[in-house]
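A.B. asks: Chains as they are written, first to last, in the UniProt record's numbering: chain A, 1 to 235; chain B, 1 to 235.
One should not assume that every hint holds.
A pair holds if it fits inside one copy or across any two, identical chains being indistinguishable in the list.
For lysine-lysine, the following DSS-like pairs were computed, each having C-alpha atoms within a straight-line distance of at most 30 Å [unchecked claim]:
1. 201 to 110
2. 201 to 156
3. 197 to 226
4. 201 to 169
5. 156 to 57
6. 57 to 169
7. 57 to 197
Don't read these hints as lab results, they were simulated from the structure.
2 protein chains.
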Amino acid sequence: MESPPPVIISVGTTRPIHYGIVLYPAFQALDAFGPLEILNIVSTRHLINLSIIASSKEPVSTFCPPGDHNPLTSQCSQSVVPTHTFSSPPADLEVLIVPGGFGSREPYIKETVDFIARVYPSLKYLITVCTGSLVVARTGILDGRRATTNKMAYRKIAEWVPSVEWVPKARWVVDGNIWSGSGLSAGMDVVLAFVEKVYGKEEARYVADAMEYERHTDPGWDPFSKAPSGDGAGS
Amino acid sequence: MESPPPVIISVGTTRPIHYGIVLYPAFQALDAFGPLEILNIVSTRHLINLSIIASSKEPVSTFCPPGDHNPLTSQCSQSVVPTHTFSSPPADLEVLIVPGGFGSREPYIKETVDFIARVYPSLKYLITVCTGSLVVARTGILDGRRATTNKMAYRKIAEWVPSVEWVPKARWVVDGNIWSGSGLSAGMDVVLAFVEKVYGKEEARYVADAMEYERHTDPGWDPFSKAPSGDGAGS
Chain A
1 MESPPPVIIS VGTTRPIHYG IVLYPAFQAL DAFGPLEILN IVSTRHLINL
51 SIIASSKEPV STFCPPGDHN PLTSQCSQSV VPTHTFSSPP ADLEVLIVPG
101 GFGSREPYIK ETVDFIARVY PSLKYLITVC TGSLVVARTG ILDGRRATTN
151 KMAYRKIAEW VPSVEWVPKA RWVVDGNIWS GSGLSAGMDV VLAFVEKVYG
201 KEEARYVADA MEYERHTDPG WDPFSKAPSG DGAGS
Chain B
1 MESPPPVIIS VGTTRPIHYG IVLYPAFQAL DAFGPLEILN IVSTRHLINL
51 SIIASSKEPV STFCPPGDHN PLTSQCSQSV VPTHTFSSPP ADLEVLIVPG
101 GFGSREPYIK ETVDFIARVY PSLKYLITVC TGSLVVARTG ILDGRRATTN
151 KMAYRKIAEW VPSVEWVPKA RWVVDGNIWS GSGLSAGMDV VLAFVEKVYG
201 KEEARYVADA MEYERHTDPG WDPFSKAPSG DGAGS
């Protein structure tokens, strides 16, 4: 019922085409779907192929088992279908997104951690959202590098992995080819900043407008670094 | 590794427990997952059971077939697993969320439209995001009522369903028990406003902080009502 969006075809550029995201049980929904919405929109204007990679092709759920993070045993979760597995990943992966979530602290994500360690040397870019930076930190890749994370979980994570130069006040941090966003909704800002770098300012503006999202363009903007809720509960 | 979040148990209130969302092919990812992230967080503090309702239990994809909305034939989409079907919906549904997306204009969502028409009389609240208001408008429920929608699609939708009192400049609109949000990321603001009404101001603040989201609390805030991209391409 309406005219098609303007198309900008990438020809002869080195823009990435092959994107991937890893999912593990108890990932955080918005950590994944903020960035993925951005890729979905960019993919209508530039060729993008997305792989959703997990330990098997069984749907992966955001569900937190009853316990500290689900004390009322609410049944409120979403399951997403992977397209690839860690043992049979896509060829030519160029950009990998790593979301956070309560699963990020769990021993059961070892396969995810190992996959990231294995694939990182061939990536052009690695993007983390929220405690996705903890998942990557568990590989050792972030040792001595600057990164940020969820601000409600910040202090615990900084204690747990002191070998990373954690940045306490940042919407996002770029260190080499690793882009790390703060908690949850910051995933949209770090990926829009990435879109600006790779596809240009106008493209980032178009995507933010299409999302009706008032983006933060200053990587130092971070009121949540002093949120009164402070420490501990962050996903 | 960290202390559990504070729990506020709802006792003796009329707060809803049974939430649902409808999904249909080519729904918009953030329209669904902005609100769902909010419910996921609230569900750690108040009992919430979420049903994901679709025409069958097959995963529902955001994928837009090659054409106007996917001119480059990108393979960039996500599939979500329903918990219920339109023919066997959950009992006691109190709040229903209707996301938008390119599917909202399609004849193939008739089952979704019919389900909403059938279930609306027993709902406490109906929440739409983006062109989710078009899906609901197709039932006739919005005739003579105020609602808003995606601003890049606004004019076409207002032409298509003139029986609705469309509000051209609004982050969200409340008319009776129908809450309609503007495009994509506005879904977070309308649902946070809903959380504030139902669970209180402090709860909405907690959730926005946990999401590291700078929410818009003014329903009249809407810079996208005059986005230069204007008309047509909105999802």
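A.B. asks: Give the relationship of residue 156 and residue 57 under a CA distance limit of 30 Å: within one copy only, between copies only, both, or neither.
C.D. replies: neither (32 Å within a copy, 40 Å between copies)
A.B. asks: Since the copies are identical, ignore which copy is meant and state whether residue 57 and residue 197 lie within 30 Å (CA to CA) inside a copy, between copies, both or neither.
C.D. replies: neither (33 Å within a copy, 40 Å between copies)
A.B. asks: Is it within, between, both, or neither for residue 197 and residue 226, if the alpha carbons may be no more than 30 Å apart?
C.D. replies: both (29 Å within a copy, 26 Å between copies)
A.B. asks: If the cutoff is 30 Å on CA atoms, where do residue 201 and residue 156 land: within, between, both or neither? Let me know, please.
C.D. replies: between (36 Å within a copy, 28 Å between copies)
A.B. asks: Using 30 Å as the alpha-carbon threshold, which applies to residue 201 and residue 169: within, between, both, or neither?
C.D. replies: both (24 Å within a copy, 26 Å between copies)
A.B. asks: Checking residue 57 and residue 169: alpha-carbon separation at most 30 Å within a copy, between copies, both or neither?
C.D. replies: Close neither inside one copy (37 Å) nor across copies (43 Å); limit 30 Å.
A.B. asks: At most 30 Å between C-alpha atoms: does residue 201 with residue 110 qualify within a copy, between copies, both, or neither?
C.D. replies: neither (37 Å within a copy, 39 Å between copies)
Comparing the model with each numbered hint stated earlier shows that hints 1, 5, 6, 7 do not hold.
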